[in-house]
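Q: As a plain string of letters, each chain reads:
Number of protein chains: 2
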Amino acid sequence: MNCGSWRVKQVIIINGALKLPKGKLAAQVAHAAVASFVAAPSKNQKAWIDVGMPKIVLSASSEQELLEYYQKAINANLPSQLIKDAGKTVIAAGTITCIGVGPALEKKIDQITGDLKLVG
Amino acid sequence: MNCGSWRVKQVIIINGALKLPKGKLAAQVAHAAVASFVAAPSKNQKAWIDVGMPKIVLSASSEQELLEYYQKAINANLPSQLIKDAGKTVIAAGTITCIGVGPALEKKIDQITGDLKLVG
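Those protein sequence lines, which keep their order, are chains H and Y.
Residue numbers for the first sequence, in our numbering: 1 to 120.
Residue numbers for the second sequence, in our numbering: 1 to 120.
Bound conformation, chain H alone (with noise of 0.2 Å):
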């Protein structure tokens, strides 16, 4: 029996142009999760705690590399959020600095975000 074809897990992507410092792409980040989870069925929400939350931070290379993925995220289906800054500090207001994928299937997710790198 192959049970990881049914884990469920969530991903989000940063654009990676924006080189933000560690604590603002942090909040970022944060703010994805929150927004992805929140916009979820309850049904994936339930399972995603249940297995301990299992969540990765990848890159892509740039605002339009980001958005490509954003789309195919929601043209698949999955639940899917995209983060404008609010530009009070580091950067301008508007500014898109990530996206949050899932929670959802492990292997949906993997088919759109699989070939991202992670964030070191």
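Treat the hints as calculated values from the structure; they're not laboratory data.
Please note that the accuracy of each hint is not assured.
For identical chains, the list gives no copy identity; a pair is met inside one copy or between any two copies.
Said to hold, decoys possible - Dumping the calculated BS3-like pairs for lysine-lysine here, alpha-carbon to alpha-carbon at most 25 Å: (1) K117 <-> K19; (2) K9 <-> K22; (3) K117 <-> K72; (4) K46 <-> K107; (5) K43 <-> K19.
With the hints as your guide, set chain Y onto chain H.
A: Relative to the frame of chain H, chain Y by itself:
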């Protein structure tokens, strides 16, 4: 009228001594944000979503200091979660990486965390 007195926010405090790489840090902060959100009363959740889920990331200087802030938050009946790393990658399993506090009233959180510095 001082509307600020009943604003709702969330604070994540990291263990600054660990000096985690930024992707790892972001994932841990996101974990704290979601876990503390899930642990909060539904009225806090709703009020926080309504104002755009404001959050800040602060730094404690050691695990010991982080545990002291966690205890203060618990004593003040603030929704709080202690996050330990699963230890698959950068750090040892069970290492305390951060805590999430709130969403809750800003003035109640600030009484506890107001002296900590933002993560740059």
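Q: Each of the hints needs a verdict: does it hold here or not?
A: Results of checking the hints against the structure:
no.	hint	result
1	K117 <-> K19	both (15 Å within a copy, 21 Å between copies)
2	K9 <-> K22	both (23 Å within a copy, 20 Å between copies)
3	K117 <-> K72	within (17 Å within a copy, 39 Å between copies)
4	K46 <-> K107	within (18 Å within a copy, 31 Å between copies)
5	K43 <-> K19	neither (35 Å within a copy, 36 Å between copies)
Violation of the numbered hints given earlier is confined to hint 5; every other hint is satisfied by the structure.
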